[in-house]
Amino acid sequence: DAGVIQSPRHEVTEMGQEVTLRCKPISGHNSLFWYRQTMMRGLELLIYFNNNVPIDDSGMPEDRFSAKMPNASFSTLKIQPSEPRDSAVYFCASSHRSLQGRNINIQYFGAGTRLSVL
Amino acid sequence: KQEVTQIPAALSVPEGENLVLNCSFTDSAIYNLQWFRQDPGKGLTSLLLIQSSQREQTSGRLNASLDKSSGRSTLYIAASQPGDSATYLCAVRPDSSYKLIFGSGTRLLVRP
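Here the protein sequences line up with chains A and B, keeping their order.
All the letters of the first sequence, read from the start, carry residue numbers 1360 to 1477 under the numbering used here.
All the letters of the second sequence, read from the start, carry residue numbers 91 to 202 under the numbering used here.
Quick caveat, the hints were computed from the structure, so don't treat them as lab data.
One thing to keep in mind: the hints can contain errors.
Unchecked claim - Straight line, CA to CA, 27 angstroms or less: simulated DSSO-like cross-link-like pairs of lysine-lysine:
no. : chain 1 : residue 1 : chain 2 : residue 2
1   : B       : K189      : A       : K1383
2   : A       : K1437     : A       : K1383
3   : A       : K1383     : B       : K132
4   : B       : K91       : B       : K158
5   : B       : K132      : A       : K1437
6   : A       : K1437     : A       : K1427
7   : A       : K1383     : A       : K1427
8   : B       : K189      : B       : K91
9   : B       : K189      : B       : K132
10  : A       : K1427     : B       : K158
11  : B       : K158      : A       : K1383
12  : B       : K158      : B       : K189
13  : B       : K158      : A       : K1437
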């Protein structure tokens, strides 16, 4: 398996522009996570999907952030409008949650998207 | 609120040395604990996962221990190599939660 695939790897944009980050989870995984990593705050969970449904978006910083998962093999994280303080590395991770509800829980991370908002 | 702390923040050792990385957490009610490795410009790779009922896990030169009652975990790396240079993060999964709470990491440099 190719693992979790994120694109683009690097994104440089100007303040006010819309940014869309993409993620393809590992085939067969039914849980997907978006994280943000900064020097100041470390790794923070932004949103969690299970079976394509957003379960917890309490980590999404503001209304400028939105995430979708239209199908089991694709998710997007959108920032509109972007601001310099959104500069960070954004990671997507996926895992498999058993039908019995016990989460196997090993999360597999993508390589991340390094976002710079000027 | 669960908080995860890793000490030291950075560590530099000569090749061949055995070393210990520390992780502490404030709430002992955890489901499991994971150690990850992060290389510069790359994502996280899961190294070891310890369930709350376990005391330790081993993989090759790595050994992770868990003491829930004291809120501590250690990652032991035997016979360190330059290729072990990376940032090591520990993450706790609270009971009945899918979330991982991460520490800030220990940046390890193994000098040839």
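Here is what the structure says about each hint:
Under the criterion of a C-alpha separation no larger than 27 angstroms, the hint pairing B/K189 with A/K1383 is consistent with the structure, at around 20 angstroms. A distance of roughly 15 angstroms separates the Cα atoms of A/K1437 and A/K1383; the hinted pair therefore holds under the 27 angstroms criterion. Restraint check for A/K1383 and B/K132: the C-alpha separation of about 16 angstroms stays at or below 27 angstroms, so the hint holds. Between the alpha carbons of B/K91 and B/K158 the distance comes to roughly 16 angstroms, so the proposed pair stays at or under 27 angstroms and holds.
For the hint linking B/K132 to A/K1437, the alpha-carbon distance of about 21 angstroms falls within 27 angstroms, and the restraint holds. At roughly 8 angstroms between alpha-carbon atoms, A/K1437 and A/K1427 fall within 27 angstroms of each other, so this suggested pair holds. At roughly 12 angstroms between alpha-carbon atoms, A/K1383 and A/K1427 fall within 27 angstroms of each other, so this suggested pair holds. Of the pairs offered as hints, the one joining B/K189 and B/K91 holds, with about 13 angstroms between alpha carbons and a cut-off of 27 angstroms not exceeded.
For the proposed pair B/K189 and B/K132, the alpha carbon gap of about 21 angstroms is at most 27 angstroms, so the pair holds. Only pairs whose Cα atoms come within 27 angstroms are accepted, and A/K1427 paired with B/K158 is rejected, the gap being roughly 37 angstroms. Annotation: proposed proximity of B/K158 to A/K1383 is violated, straight-line Cα distance about 35 angstroms (limit 27 angstroms). Between B/K158 and B/K189 the CA atoms are separated by roughly 18 angstroms; this keeps the pair inside 27 angstroms, and the hint holds.
A distance of roughly 38 angstroms separates the Cα atoms of B/K158 and A/K1437; the hinted pair therefore is violated under the 27 angstroms criterion.
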